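Student: Residues per chain, in single letters:
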Amino acid sequence: MTEILQYFGLPVGISSVSGRIDEIIVIVHYLMLVLFVGWGIFFIVSLIKFRESKNKKANYKGVESHYSSVLEGAVAVIEIVILFGFAFPIWAERVNDVPDSRDAEYIRVIAQQYAWNIHYPGADGIFGDTKVELVDEQDNPIGLDRNSEFGKDDFYTINQMHIPVDTKIRVDLSSKDVIHNFKLPELRVSQDAIPGMTIPVHFTATSTSKEFLETAVGTKREGKSLEIACAQLCGLGHYRMKGYLTIHEQEDYSAWLEEQAGYLEEEGDDWGDDDDWGDDDW
Amino acid sequence: MAGNSKESIEHHIKIYINVFISLAVLTVVTVAVSYLEVSFIEAFFIAITVATIKGSLVLCYFMHLISERQAIIWLLVTTLVAFLILLFIPLISLTDQVGGW
Amino acid sequence: MSNIPYILEERPDTGLNNSKLGVWIFLASEVMLFGGLFSAYVFLRIAAPEGDFGYWGSKLNVPMATFNTLLLITSSVTMVMSWASLKLEQFDKYKMYLGITILCGLAFLVVKYFEYTSKFDHGIYPSSSTFMGIYFTLTGLHVLHIIGGLLVLIFFWSKQSDKMWNEDKDLLANRIEITGLYWHFVDLVWIFLFPILYLL
Amino acid sequence: MSNDHHHEENFIQKYVFSVDHKIIGLQYGITSLLFLLFGFMLMMLMRYQIAYPETVIPYFGEWLFAGSGGVMLPENYNTLGAMHGTIMIFLGVVPLAVGAFGNYLVPLQIGAPDMAFPKLNAASYWSYFVGGVVMMASFFTPEGAARSGWTSYPPLSIFESGQTMWLLGMVFLITSSLLGSMNIIVTIVQLRAPGLTWFRLPFFIWAQLVTSFLLILAFPPLESAAILQLMDRLVGTSFFLPSGLVYAGSPVEAYGSGSPLLWQHLFWFLAHPEVYVLILPAIGIVGEIIANNTRKPLWGYKSLVYAIGFLGFMSFIVWAHHMFLTGMGQSMSAFFQLTTMIISIPSVVVLTAFFISLWGGSIRFNTPMLFALSFLPMFGIGGLTGLPLGVAASDIFLHDTYYVIGHFHYVVAPGTIFALFAGIYYWFPKVTGKRMSETLGKLHFWPSLLFMNGVFMPMFIQGLAGLSRRMYDGGQQYAHASDVLHWNEFMTISAFCLGAAQIPFIVNLIISLAGQKSDDRNPWKSTTIEWSAPSPPLPHVNFDSSVEVNHGPYEYSVPGQDEDYCPQTSP
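Chains as they are written, first to last, in the numbering used here: chain A, 34 to 315; chain B, 6 to 106; chain C, 3 to 202; chain D, 41 to 611.
Hints are computed from structural coordinates only; laboratory data are not their basis. Worth double-checking, as some hints may not be accurate.
Listed next, the in silico DSSO-like pairs over lysine-lysine satisfying Cα-Cα at most 27 Å (straight line) [said to hold, decoys possible]:
1. K82(A) to K159(D)
2. K165(C) to K11(B)
3. K565(D) to K87(A)
4. K482(D) to K557(D)
5. K275(A) to K201(A)
6. K159(D) to K165(C)
7. K82(A) to K94(A)
8. K161(C) to K61(C)
9. K11(B) to K121(C)
10. K474(D) to K342(D)
11. K11(B) to K114(C)
12. K185(A) to K201(A)
13. K275(A) to K257(A)
14. K19(B) to K97(C)
15. K114(C) to K19(B)
16. K114(C) to K171(C)
17. K159(D) to K87(A)
18. K482(D) to K342(D)
19. K61(C) to K171(C)
20. K54(D) to K89(A)
21. K159(D) to K171(C)
22. K565(D) to K474(D)
23. K161(C) to K159(D)
24. K97(C) to K165(C)
25. K557(D) to K54(D)
26. K482(D) to K89(A)
27. K342(D) to K94(A)
28. K54(D) to K474(D)
29. K11(B) to K95(C)
30. K54(D) to K90(A)
31. K243(A) to K253(A)
32. K164(A) to K185(A)
33. K121(C) to K97(C)
34. K482(D) to K82(A)
35. K257(A) to K201(A)
36. K19(B) to K171(C)
37. K342(D) to K90(A)
38. K257(A) to K243(A)
39. K94(A) to K565(D)
40. K90(A) to K482(D)
Fair warning: this is a prediction, and the values are worked out from it, not measured in the lab.
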């Protein structure tokens with residue numbers, strides 16, 4: 034039943050929650066449609082039936098039955114069902130069932146004006162310390178302390194997020210400067226990145242980028258892969274604050290991780306090669 | 006307010022003096038308590054209670070709320086409700102926040 | 003405009019005159035104005051590291067603030083006495099009590115001035131800590147209210163009041179009652195500001 | 041009603057610094073209509089940029105954006121966005137709905153000679169005027185006007201330029217609203233004509249009363265928030281800044297424990313009731329016009345009154361549904377979803393009552409009625425599309441997309457603004473003693489209806505595609521937007537046509553003003569009290585005979601009477 038909204042622009046959903054979120058969007062739209070069509074029919078019939086030329090004298094009392102209260106009651110009941118049956122459980126799962134690092138691929142995302150810094154913990158699975166004093170927009174945008182206990186094998190990318198398919202992903206979201214919003218439209222993930230706070234987001238992708246691209250063949254979207262969008266006004270470059278999301282098969286993901294670890298050994302702290310700043314026009 | 010005759014005003018003046026003395030005493034009390042070694046929670050409740058009593062005295066007697074019309078009382082109750090909403094909902098949101106500060 | 007009803011006399015079904023209802027509505031909005039700042043204070047206090055507010059709060063001068071509290075309470079009682087004197091048709095007493103009210107208000111400002119400058123002398127500014135920020139904001143807004151009130155009080159203490167007294171005694175009494183409500187409200191705000199800023 | 045204190049007034053006293061509620065109402069009306077037009081023009085520039093990103097804007101570009109050869113820059117776009125919102129809401133719709141309609145009609149509809157505090161009334165207008173001047177002046181300062189959105193979320197609003205003037209302007213606008221609404225409440229409570237009991241009040245008066253209470257209680261916290269933000273910007277406090285931030289490559293000095301969320305709470309504590317401030321006067325106007333043009337009482341008058349009272353109260357406890365994505369936990373989100381769903385019920389009650397009012401009527405289709413009728417389905421769309429945004433789970437996807445823009449514009453533009461147009465057409469004969477042209481009115485209505493939907497309907501499609509709002513290039517960067525971007529051109533053309541559709545209205549105003557005056561006090565054969573006054577009502581006293589009320593507000597087509605209406609003042 035969610036396909037109907039895809040005619041109205043909703044992108045194909047490829048995460049474990051997208052089905053349920055689409056479902057609730059559709060249900061609410063059906064409720065809206067029923068109400069609107071109901072009102073609309075009543076409206077048009079009234080206008081035609083009681084136009085001045087046809088009905089010279091108005092009826093002082095008008096409608097005397099109180100079926101409208103039934104309508105209002107019905108709307109209330111449906112809304113309660115939507116809330117308790119669908120909305121609350123989805124939200125509970127979203128905020129309460131955050132997996133910890135053993136159960137999930139653990140990634141940090143640090144938003145800053147017009148770029149997404151993706152911080153991976155490396156082989157030890159634990160993030161090294163980050164410090165404001167170490168922040169250097171050129172060489173160390175997240176202020177990673179290489180000398181801290183777990184910091185040696187950490188690596189980060191800019192605007193390039195890689196995740197494995199069918200695996201729980203936990204993203205700890207924070208921001209360096211202003212409020213951003215980390216949005217993965219196709220995965221139905223969206224969360225504000227608020228300065229001073231670290232907010233966990235979790236999701237599981239259900240198809241790889243490659244599989245997703247195949248669904249887009251023949252549409253206007255053909256050849257355009259997944260992206261990280263910023264969905265909160267964050268300044269002048271808000272419109273071009275775009276990251277790229279690649280969903281790999283598990284083995285490809287492991288290979289990618291190894292490749293990154295390899296760069297770390299070769300080049301030390303220099304990560305310039307892997308940066309992708311999108312349309313680089315500044 | 007009701008009763009603006011000479012006698013009632015003179016009666017009021019006595020009340021004003023008494024209220025003034027109570028306010029002064031309560032001020033001294035609340036300052037004295039703050040020098041005692043009490044826990045923050047206790048100090049908080051004492052201070053807020055004393056302030057509420059003082060505030061009520063000013064409201065009821067100086068501002069004549071005690072003999073004021075229903076309409077004014079309702080207006081203030083509505084305002085108080087709005088104020089409590091404004092005070093507590095952001096606070097509760099602090100305790101129900103995903104992720105740390 | 004002379005044709006507007008219930009400027010002084012009470013409307014029978016509501017039991018109020020216009021200006022009294024008006025000033026209470028105004029005070030309701032003032033409650034929400036300070037309410038927003040109180041809410042911010044509590045929010046920031048809870049979000050702050052433990053003891054931070056208490057530490058900075060201990061830098062404030064409690065004796066000075068206590069004295070200020072007493073000044074405002076005194077000004078409040080003299081305010082209401084000046085209104086009662088008008089009702090008793092004792093115009094000289096009215097002027098005396100109103101004069102004391104004004105003096106207390108001015109003294110409050112002087113004490114506040116010394117409080118502020120001693121903070122600045124010690125290098126403490128609104129930007130020194132969250133507590134100091136909210137302290138200066140709350141007391142600053144309160145001081146603005148005192149200044150506004152004083153201007154009105156001085157107006158009603160000036161020659162203008164003699165003129166009003168001769169022309170329309172009820173109007174003057176009504177104006178003083180309204181001004182009094184505002185002045186008591188400013189006192190009321192201070193009654194809550196004093197413990198939360200200085201004592202806790 | 042003697043007027044012995046009045047000596048001859050010169051032009052300035054009479055028309056500029058007037059204390060007559062009618063003149064002040066007209067001042068409000070003219071100023072706010074000009075602001076609406078101006079805000080609309082800002083929007084047209086933005087829509088041009090969205091449809092044809094980074095191209096030279098024809099005719100005006102070289103003049104407006106000289107520094108960039110006629111191409112709009114991101115800072116221009118963000119400024120236009122923030123100022124469009126601010127101007128439309130705080131300088132356009134609220135002053136028109138509350139300042140102009142409230143001021144002009146409230147005393148007339150309750151049979152009062154003026155507002156309770158005429159001088160405060162003038163002060164309210166001039167405070168609004170100063171606020172407007174400050175906002176306008178901010179365009180010409182070196183910093184430029186605000187560019188952090190009308191919501192002014194910190195920390196962006198603290199770092200970005202132009203915000204200080206915005207905050208100062210807001211302080212004036214808030215003061216103006218407070219004075220105005222205080223005046224309206226006292227007027228309604230105190231100055232009702234003899235016999236005008238609470239449940240004989242026209243529905244419009246109830247709407248104004250609830251609106252004024254919302255303004256009184258909800259606006260001051262924004263004023264305190266504005267003061268805090270000013271402190272952050274000017275004095276160096278950090279109420280809204282946490283520690284450890286790095287802005288543009290250098291660490292931000294902040295002593296920590298400030299929170300951007302504090303602003304959002306204080307802001308939305310105002311801004312959600314503000315939505316009802318925008319819509320309630322409109323509902324009031326529509327109720328009046330529907331009762332008059334169906335020639336029958338408003339259906340469920342009492343339940344309508346209770347519904348808007350309940351709406352007003354509930355509007356104070358739904359605000360955090362704007363903040364679902366700020367990391368809100370389960371109980372908070374459940375509470376706010378529940379209150380949001382509860383508040384939808386009285387809205388359904390109001391809309392349903394209006395629809396049922398049509399049944400059994402003798403419906404006349406004049407211009408005010410057309411606007412009022414179209415309000416119903418348009419507001420219906422606006423209200424209904426609020427549902428998926430109020431449910432947190434669907435809001436995850438729709439938050440901050442064009443879906444939101446479509447939703448609230450349906451409420452405010454074809455909703456409120458259509459109702460305000462209806463009001464202008466309806467009460468114009470009372471204000472001037474002249475009628476507006478029906479032909480031009482219909483020429484205004486039908487294209488407006490068409491193009492309004494042309495502008496806003498595609499926004500739902502774009503929103504469902506996940507396209508974010510506030511994008512300088514309209515979202516061209518993003519892959520997920522590629523399916524829906526082609527709508528932009530259509531919407532932009534609709535917007536320009538919508539602009540053109542307002543020309544008949546302006547022409548109509550001018551032609552009608554120059555037209556013949558009629559002696560008919562009550563051209564619509566209406567029941568409410570304002571129609572028993574001369575047109576225009578007498579300066580400072582309004583009525584030429586004493587007003588006494590004997591009937592309810594909507595005694596149309598009373599069985600057994602010859603006339604199909606029975607004025608409230610008739611014996």
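Student: Tell me the hint numbers this structure goes against, listed in increasing order.
Tutor: Violated: hints 1, 8, 9, 10, 11, 15, 16, 17, 18, 19, 20, 30, 33.
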